[in-house]
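Asker: So the protein sequences, as listed, match chains A and B. Reading the first sequence from the start, the letters are residues 1 to 796 in my numbering. Reading the second sequence from the start, the letters are residues 1 to 796 in my numbering.
Hints were generated in silico from the structure; no laboratory data involved. Fair warning: there could be bad hints in the mix.
Derived Cβ-Cβ restraints for the label pairs, each shown as a range [to be verified]:
{"id": "1", "chain 1": "B", "residue 1": "Phe96", "chain 2": "A", "residue 2": "Leu483", "range": "36 to 44 Å"}
{"id": "2", "chain 1": "A", "residue 1": "Ala646", "chain 2": "B", "residue 2": "Arg637", "range": "33 to 41 Å"}
{"id": "3", "chain 1": "B", "residue 1": "Leu535", "chain 2": "A", "residue 2": "Lys237", "range": "50 to 58 Å"}
Every value quoted in this text rests on a predicted model; they were computed, and no experiment measured them. The C-beta atom is built at its ideal place from N, Cα and C for all residues, glycine as well.
Number of protein chains: 2
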Amino acid sequence: MEEQDSADPYVPYDGGGDAIPLQELSGRGSNYAMSNGGGGAGASSSTHLLDLLEEPIPGVGTYDDFHTIDWVREKCKDRERHRKINSKKKESAWEFTKSLYDAWSGWLVVTLTGLASGALAGVIDIAADWLNDLKEGVCLSAMWFNHEQCCWDSNETTFAERDKCPQWKTWAELILGQAEGPGSYIMNYFMFTFWALSFAFLAVSLVKVFAPYACGSGIPEIKTILSGFIIRGYLGKWTLMIKTITLVLAVASGLSLGKEGPLVHVACCCGNIFSYLFPKYSKNEAKKREVLSAASAAGVSVAFGAPIGGVLFSLEEVSYYFPLKTLWRSFFAALVAAFVLRSINPFGNSRLVLFYVEYHTPWYLFELFPFILLGVFGGLWGAFFIRANIAWCRRRKSTRFGKYPVLEVITVAAITAIVAFPNPYTRQNTSELIKELFTDCGPLESSQLCQYRSQMNGSQAYPAGSDAAAAPGVYSAMWQLSLALVFKIIMTIFTFGLKVPSGLFIPSMAIGAIAGRIVGIAVEQLAYYHHDWFLFREWCEVGADCITPGLYAMVGAAACLGGVTRMTVSLVVIVFELTGGLEYIVPLMAAVMTSKWVGDAFGREGIYEAHIRLNGYPFLDAKEEFTHTTLARDVMRPRRNDTPLAVLTQDDMTLAELQNIISETSYNGFPVIVSKESQRLVGFALRRDITIAIENARRKQEGIMLNSRVYFTQHAPTLPADSPRPLKLRSILDMSPFTVTDHTPMEIVVDIFRKLGLRQCLVTHNGILLGIITKKNILEHLEELKQHVEPLIDDI
Amino acid sequence: MEEQDSADPYVPYDGGGDAIPLQELSGRGSNYAMSNGGGGAGASSSTHLLDLLEEPIPGVGTYDDFHTIDWVREKCKDRERHRKINSKKKESAWEFTKSLYDAWSGWLVVTLTGLASGALAGVIDIAADWLNDLKEGVCLSAMWFNHEQCCWDSNETTFAERDKCPQWKTWAELILGQAEGPGSYIMNYFMFTFWALSFAFLAVSLVKVFAPYACGSGIPEIKTILSGFIIRGYLGKWTLMIKTITLVLAVASGLSLGKEGPLVHVACCCGNIFSYLFPKYSKNEAKKREVLSAASAAGVSVAFGAPIGGVLFSLEEVSYYFPLKTLWRSFFAALVAAFVLRSINPFGNSRLVLFYVEYHTPWYLFELFPFILLGVFGGLWGAFFIRANIAWCRRRKSTRFGKYPVLEVITVAAITAIVAFPNPYTRQNTSELIKELFTDCGPLESSQLCQYRSQMNGSQAYPAGSDAAAAPGVYSAMWQLSLALVFKIIMTIFTFGLKVPSGLFIPSMAIGAIAGRIVGIAVEQLAYYHHDWFLFREWCEVGADCITPGLYAMVGAAACLGGVTRMTVSLVVIVFELTGGLEYIVPLMAAVMTSKWVGDAFGREGIYEAHIRLNGYPFLDAKEEFTHTTLARDVMRPRRNDTPLAVLTQDDMTLAELQNIISETSYNGFPVIVSKESQRLVGFALRRDITIAIENARRKQEGIMLNSRVYFTQHAPTLPADSPRPLKLRSILDMSPFTVTDHTPMEIVVDIFRKLGLRQCLVTHNGILLGIITKKNILEHLEELKQHVEPLIDDI
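Looking at chain A on its own, in the form it has when it is part of the complex:
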């Protein structure tokens, strides 16, 4: 093989012209260069060899569970598929139809995903609502009506008492026959707790028995999967089914959790399942992730009724590889999902979410101060929550305690139900609570929060849009809200991470909304009683409506959500889509920005990154930046005192030596070099591929023995006459491994890993192989840095 090692670089190969036959290029990592057969090993065996190699070895190019995909290889595979389809499509009408089907399958799969996500979100909304009301009572006229629907048909109730109607019976009324009194209160209390426990028990049991992956919010895992990790079954049909059912149960059980995160998981399951209908997506892990990105946009779209926010969420928070084509399709999926949900109309208000609001009063500059204060609160809460929750989850993982998930869920559910019932703000559905807190007081508002003294006669009244003195109702509401705040804070820490589907958005927003409403009412009363302060003088005359406590609740909700997740743009856009006014973006931005900065001061990870790290997933965050002072040679393996790197030589190893190296090491792949003497890098071979190829050769090729020579070159090496038949492994050799020099700064290496989605990279010095850097090495290196090096202050 002199020619391969030729020192003259300007007269290279025999076969390397300008046009390379199509079949030569069937995917990186599989047989690139198997043209012009014939060589040292005799013509007959060579044709046999060629036959064998032309059919791709089954299994080569697939991945094991819990392994990282090779983005580059997947993208090449996809383009190869395209080439095949393009070259075939002129052959027949059938092939042309197939090529059209292939071209449109991207749109089909996102449409189907959008439709399914929207429909499932509608079903979940309706079912959760019904089950939630079941804790309080039943509708006698029609069992399947929830409280609100039950009383719609009733003509006997007035608008103010629209919650009460004879058809709707509380459990006390039904069982004891009486609606008032301590006995019925206890009965209702008992039934409330009973149902909550039943739902929680059912949920955790279903998850445990049928689909362990259905628990949690799913977003950390989806982020990891989108970054190129394989977790088989995480997005499968069982997970989808069980997650949908148990999500309804978990929400209805009254636990401090929301359905927004799990809805993203549900949408991604839909995307994954539908992608199996289209070979373009089912057979390519990189393409499949495009569908999943679109699906996560659809998930957020239905969770918050915010299609644009959903797309930005997908872009900012979960996606890794996001070509512009995906942006457009994600947008489409998000819209389709939103329209399906709107036509299902689960809340009866032709809106996608319960807590859509419209404000009519502007905000004033001095209000930025309380808004920023809410931002600080949000950041503190976020930092505190992340630390406390991670500490608790770590304890659960490491101690015996984690072995009884059912018991844990039931305990938490029981405590939640028992503590929640007496306080009206914790008893009700969290979404409804948020809606109530967001809504501005108006003449039609019957809430306790809107009990202000009328200016005319000093008695209690519901003012129509002007600041007024608070009546005792507001004060008692403030007390109850404060208790609810403490309750929610504590329970959320223990709830997120339970073995039931549990989202974090709604509890976080609820906490922020409570805090915000409290601050809002405080500012409002301050402005009312001190309207001659220089701050208020300009805007808050007596009788004017200058403070909107509902807006404070919304700003607080955004701040708390921002503190926990560290989302920025997408969060602001989501909340903007909830309010529908550009007007309020500035307060939102101020609060979200403050919250992020305050949160980042205590630790730069959001809750999802923290959970990814807790679970040890190999996720290379695209957002973190560090100032490395290291070079590639400091991070590469082997380190100074390690055993030398396990390498293969291109043409002088026997099968026995090869198998020996494979069995003695556990590396996922091996560099191939010219020879032990020259150490120049030829390529890279994956362990899995080598094993498969050897087995395949053993099955199909005769004469392969332990002392067979293994070669990765184009032509077989010249061998003694009596030597057994050699084994050609060139087809599994990746002849274009990524390399960096040993002097490359690590920041560049990390950048390359992130942007190209590498699994490993070889380190050379003047063309000679020195070592290898894997994604795992990079993660370890970043982990080390995190402990020693300050992050970039620039990242504000």
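Using the hints, position chain B against chain A.
Answerer: This is chain B only, laid out in the frame that chain A set:
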């Protein structure tokens, strides 16, 4: 230098421990590895050398005009700067303040950019409006009022005749003293043309004399600059000043152009100018481009009153390197700009744009058919426009014709003015035309387009929101609109590319809006006269308002804009922000999608990419995908019969040989190899850096002669005793050049170039240097492919 070439890779360097001193890493390409001095060349000269090297050679690391930046180097430079600031900031309060200033400068610069862009947009709007009305007449009571403002104060006019008031005098009234009659018509006609010509002449003269870069829309150049190209002065203060002034003049001259594209240029100038206040941005080309991305978002934000659309435009259309941090800052800049513009309130409607609309009627499913038809029209128009405009521009570039830009502008302006005046739809400002076409007919609408027959008595009346038979006014309006359509189509082709600031958004939207309105009225009349057709039966009873012609105008505008620019998500979001209703996104998406597909069928480039190609800018589009069947070795230089690659050897060249190579070739850089015999790659040195370093050495170092040995290694080679002093150039050697193997498929190479922003990449085979691939080679290769290979059908 045995150690450098050591074949044993596992025991490498003396100095290479885990921690590398800070100063060793001052930027890629400059002195990485100049630790532990002392070597073959004697201690005294070595310390001298070290002193020399520690101060960076001035000029190394900067760029020439019309060259491409090295993203990787810039990013490393920035991190190095951070390290310095971070390490210093604990030294003193002053350093700490400086570090805070540095950390906040990102926010400061985008805030300033947003403020300036908003203010300039407001000024441009107001001035253009005033100048435009000057073509018709003057306000006697106050010269500086435009027509509308002039008549605001007038109490004598009724609402229906709000355009007429005694204070406002047309030129005929002023000069001839009469308002009616053929004489005054001719006078007005003459003055209209006179002013139009004056404005156009002034605009083109100013551009020609003061700032040639101020012409055109600027978006192709900004895209190129953002992708890493240097065009000095393109974003400078002269360009800003002249562009602002001439934009006003050009818009007022009535040419078929808009201010939206140039506003993006103006905003980018602001961003560039403000970035000079902050060393973090002024001294780093990569960081500066972050500011420019944010600025372009601000530009679109004020152009269309669409902050979110602006961010997505920046992301989808112009930006190249867009980290998430930039997304957040772009959003902020866009918001600030929008709020400044809103407080300036140039249109007196507290909206950011003239043509903000709100529709109140839904659309029906059968309307998708005309919407898709409009999409087809938009796509056809886009494809036709791009071809025709590029052909015309090419003709202008290649023939003598392009030598008389002033004459050309005046000719086009004269034709435009003369043809435009008689037709009311072309005489008026294009933005106003779009507003009129978008607006739905209501009881207050006095437009000719709203002259319907009343259902009661058959006479002309303005119906309040229900379909009706068109009156003659509508028919004559349809005729005039058709003529206006033809006129706009022709004039826009000849206008875009003139040497005045000229945007394309408004003319494109106007064409689409005219076509859309015509289709809308046609469908409306069809529905009115055939309301028993099965299509209309369900929705269009007599008296119901089922068709909104204004919506058709908007859909048409989006389709035409989409056809010309091939924008997708950002376009839909921009138009969504104009209407403020999620409801109409589906028609918009359908039309924009159709328009893109139809346009792509005729050629996949948008107008901006086409102009980039026309001007030969080195822009590597991130969106195009091809199925290459080539490998790196097919694209690399030298080709088979070329002269061998010009390489430097690491330690056996003399200064004369080096200078010889530099003077004989024109390459921007040279690979450095171990020796002519071994050909193994060591690094890469830039031509500019070598020249600067040699000059610097000549000036500062004694004893450098033509036969001095030049070396790139750590230690000087052992030389004969009488040889002159050697020159060490290691500090300018990039020791981590990007390499790929010759077998790497070109699609991967292109991907690497795009994602990492490379300028060149070396090609190796088994560690031996074979050739080089530059960005130019890649662009040529893609150009070739474009002619031979079908693009990916998948890209639908």
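Asker: Hints first: check each against the structure and report whether it holds.
Answerer: Going through the hints against the structure:
no.	hint	verdict
1	Phe96(B) with Leu483(A): 36 to 44 Å	43 Å, holds
2	Ala646(A) with Arg637(B): 33 to 41 Å	36 Å, holds
3	Leu535(B) with Lys237(A): 50 to 58 Å	40 Å, violated
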